[in-house]
Amino acid sequence: MLELRSICAGYGGFQALFDVSLEVRQGEAVGVIGPNGAGKTTLMRVISGLIRPTTGSIAMEGADLLATPAHRIVGLGIAHVPESRRLFPRMTVEDNLKMGGFLPSARAKYRERLDVVYGLFPRLRERSRQLAGTMSGGEQQMCAIGRALMSDPKLLLLDEPSAGLAPVIVEQVFDLVKRIRAGGLNVLIVEQNVQQVLRVVDRAYLLKAGSIRAAGTAAEMLASETIREAYLGV
Amino acid sequence: MGVLDIFLLEALINGVLLGGVLALLSLGLNLVFGVIDVVWICYAELIMLGMYGMYFLYVVYHVPIGLAAVVCIVGVGILGVILHVVVIAPLLGAAPINQLLATGGVLFFLQSAATVLFGIEFRNLGLRLPVLKLSELFISYSRLLAFGAALIGMVLVYLFLTRTYTGTAIRAIAQDRQIMILMGVDSRRIYVITSALGGGLAGLAACLLVLQYDVHPFVGLSFGPITFLICVLGGLGNFAGGFVAAFVFAELISLGGLYLDLEWGYVFAFVFFIVMMFVRPEGLLARRS
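If you're matching them up, the sequences are chains A and B in order.
Heads up, the first sequence is in my numbering, so the first residue is 1 and it goes up one at a time.
Heads up, the second sequence is in my numbering, so the first residue is 235 and it goes up one at a time.
Simulated from the structure, these hints should not be mistaken for lab results.
The structure presented is a predicted model; accordingly, all values stated were derived computationally and were not measured.
Just so you know, even glycine gets a beta-carbon here, dropped at the ideal spot from N, CA and C.
Hints may be right or wrong, so weigh each one.
Stated by the list, open to error - Calculated Cβ distances over 12 Å to all of chain A for the following chain B residues: (1) I275; (2) V305; (3) V340; (4) Q345; (5) A430; (6) V478.
Unchecked claim - Stretch-level coverage of chain B by chain A, calculated; a stretch enters the list once three of its residues show a Cβ under 8 Å from a Cβ in chain A: (7) 391-404; (8) 412-422.
Stated by the list, open to error - What follows is a list of derived Cβ distance ranges for each label pair: (9) V168/A / V320/B: 39 to 47 Å; (10) Y11/A / F394/B: 35 to 43 Å; (11) F394/B / E220/A: 52 to 60 Å; (12) V308/B / E23/A: 47 to 55 Å; (13) L455/B / G12/A: 38 to 46 Å; (14) F241/B / A108/A: 36 to 44 Å; (15) V501/B / A166/A: 50 to 58 Å; (16) I299/B / R125/A: 47 to 55 Å; (17) L393/B / G27/A: 42 to 50 Å; (18) S128/A / F504/B: 28 to 36 Å.
Work out the full structure: start from the sequences and follow the hints.
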């Protein structure tokens, strides 16, 4: 469904991604693991259009993402939960969710989507009138994922959903990823928390210093010497 | 009631009435700054053009005053869009100083153009609005009207910002510009809508100010600086702060003018401003970070 071919990208003179190819097939959850500074966040930003690659191609169900204006990419069914959540801190939870459903196609089913999100996160319904910035880190992460789900996406991009959260909450977040998957949604998740993420995805890629060093099923990756070395070497 | 008590009460009421208009003035500028991150230095000159619009429509072409006001609000709104598309949009990526200089240039351009086109005579609508007498108080009807209309204008903007998707996006973009793409929002479109709204508010302000003041090419200098100071005092881009600051400023001017001369009212207000810049540089309602 999503296919990246030979992507190079960076910021100004700094190149962060070198010839990255990756794919998410229908029905899959895919992980990208790798140490800090490997280019994982850049990879996510390239997919959702926040930055444009210098070379390569990206296709979502046959549509060329690089020929699509950045703000239209979410309309193709790709919702991005950015690194460190990036909620609108001085707006209520409900207004944040409303922004997630900004697309005309999503507005038509606002109530329905809101029920889905509140069903997944009953806590958000309790806090719907609270300013997003005043909630705990875990609640904010729920709100960020909920906001992304408001657009009724086909593919959810999760950038470090466990960062900065207490271990108990991290468990909950990964549990949630499982539930979202069970609902038929494809997931591409970027994480440093290797053990945890390999338990919820089907396949994974190892990204290091901007290029893919290994790929395989979750079980293969868990057993892989390369992964062990990459992480023991950090 | 003693005479002094009556004067004090009148000054307080006039302060509130002035505060409403100042709040309206600062709202337009604050909106544009909060959303587009550009200060329209020429904001008060848009008001000046709106006042001339009212003058020509009502006095010269005998358009009914209500219709003239609508034309004026829409017209200045369109000027706001033109200002954005022609001057601001090409400079969005430029250094802030360049944006300031460009809108500053528009200020001088509009003043000079108005001087050439309309001359330097002071003009007014020639309306004689009554002064209301409430027991022992005298309240100017035009001030009351301006206050009421400003309040209605602000309530409408508030409803737009809180009840509609576009309004919600306008508030959101002021909090996190970069991720608007992820929401499927075309920021350029939001900028144009905000510019129209900012211009429309300047147009409404023009309709209200022309009831009380003569229009001339440099009339913007009477409102421009004080509008900026209110926005800065409230915290640039902070709508609620601007609202509170407008009333604080208006009361200082009004009460200061009561005890000394009118000019002293402004001196008090500006001294207060300078002191507050040291005490609360982020604005009256600054959020603790």
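Consistency of the hints with the structure:
no.	hint	in the structure
1	I275	27 Å, holds
2	V305	32 Å, holds
3	V340	29 Å, holds
4	Q345	37 Å, holds
5	A430	19 Å, holds
6	V478	16 Å, holds
7	391-404	holds (count 3)
8	412-422	holds (count 10)
9	V168/A / V320/B: 39 to 47 Å	56 Å, violated
10	Y11/A / F394/B: 35 to 43 Å	37 Å, holds
11	F394/B / E220/A: 52 to 60 Å	55 Å, holds
12	V308/B / E23/A: 47 to 55 Å	52 Å, holds
13	L455/B / G12/A: 38 to 46 Å	43 Å, holds
14	F241/B / A108/A: 36 to 44 Å	59 Å, violated
15	V501/B / A166/A: 50 to 58 Å	56 Å, holds
16	I299/B / R125/A: 47 to 55 Å	50 Å, holds
17	L393/B / G27/A: 42 to 50 Å	44 Å, holds
18	S128/A / F504/B: 28 to 36 Å	44 Å, violated
Figure legend: structure checked against the earlier numbered hints; hints not met, in rising order: 9, 14 and 18.
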